[in-house]
Amino acid sequence: MSQMAASRIGDNNLVIKRITEEDMQEVYNWVDEIPLSRPKKNIARDFSDCVLVAEVVKHFLPHLVELHNYSNAHSVQQKTYNWNTLNLKVLKKLGLQISPSDLKDVVEMVPETIERILFTLRFKIDSYIQ
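Position 97 (the sequence shown) corresponds to 100 in this note's numbering; numbering is contiguous.
Source of the hints: derived by calculation from the structure; they are not laboratory data. Values in this document were obtained by computation on a predicted structure and should not be read as measured data. Treat the hints with caution; some may be incorrect.
To be verified - The calculated PhoX-like cross-link candidates involving lysine-lysine, where the alpha carbons are at most 20 angstroms apart (straight line), are:
hint: 1; residue 1: K95; residue 2: K61
hint: 2; residue 1: K95; residue 2: K107
hint: 3; residue 1: K20; residue 2: K43
hint: 4; residue 1: K92; residue 2: K43
hint: 5; residue 1: K127; residue 2: K96
hint: 6; residue 1: K20; residue 2: K127
hint: 7; residue 1: K20; residue 2: K61
hint: 8; residue 1: K20; residue 2: K92
hint: 9; residue 1: K107; residue 2: K92
hint: 10; residue 1: K92; residue 2: K61
hint: 11; residue 1: K127; residue 2: K61
hint: 12; residue 1: K107; residue 2: K20
hint: 13; residue 1: K127; residue 2: K95
With the hints as constraints, model all of the structure from the sequences given.
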């Protein structure tokens with residue numbers, strides 16, 4: 004992660020608002036290195052139910068995530084429940100909170116939302132480990 008990108012996150016506990024093409028490619032490469040339970044075909048759709056995000060965190064910080072709390076979901080209600088659970092039980096411990104508007108956007112698969120979340124999450128995981 005570049006110094007400039009890291010400086011955009013800093014001590015802020017919210018998801019970055021904009022992401023560059025270069026940073027998105029970095030996110031895709033990072034996610035491709037992580038073993039996940041489902042193949043990644045459309046990142047916005049595949050990550051919208053939060054299950055794969057929970058798996059990403061568990062890969063690096065296994066003690067923070069209990070995967071049984073997150074079920075595969077198609078309904079907006081269940082996806083939102085999963086994200087709220089992750090926000091409250093896990094992301095808070097990493098110093099990250101997903102705003103209601105970002106949560107709504109990721110559940111509705113708005114382009115670049117999951118990339119912004121994953122980009123910020125990667126920084127927060129790295130900071131937590133150090």
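Satisfaction of hint between K20 and K107, Cα-Cα up to 20 angstroms: Judged against 20 angstroms, a Cα distance of about 14 angstroms means the pair holds.
Run the distance test for K127 versus K96: straight-line Cα separation, threshold 20 angstroms. 10 angstroms, holds
Holds or violated: K20 and K43, Cα atoms, limit 20 angstroms. Status violated; Cα separation ~24 angstroms.
Given the proposed pairing of K95 with K61, does the C-alpha separation stay at or below 20 angstroms? Status holds; Cα separation ~15 angstroms.
For a C-alpha distance cap of 20 angstroms, please report whether K20 and K127 respect it. 16 angstroms, holds
Between the alpha carbons of K20 and K61, is the straight-line distance 20 angstroms or under? 25 angstroms, violated
Hinted pair, alpha-carbon criterion (20 angstroms max): K107, K92. Please report holds or violated. 18 angstroms, holds
Between K92 and K43, is the straight-line Cα distance small enough, at 20 angstroms or below? 25 angstroms, violated
Starting from K20, check that the Cα of K92 is at most 20 angstroms away, please. This hinted pair is violated, its Cα atoms lying about 23 angstroms apart.
Sort out whether K61 lies within 20 angstroms of K127, counting only the CA atoms. Given pair K127, K61 holds - Cα atoms ~13 angstroms apart, limit 20 angstroms.
Does K95 lie within 20 angstroms of K127 when you go C-alpha to C-alpha? 10 angstroms, holds
Can the restraint linking K95 and K107 be considered satisfied, given a maximum Cα separation of 20 angstroms? Judged against 20 angstroms, a Cα distance of about 18 angstroms means the pair holds.
Consistency note: the structure conflicts with the earlier hints numbered 3, 4, 7, 8.
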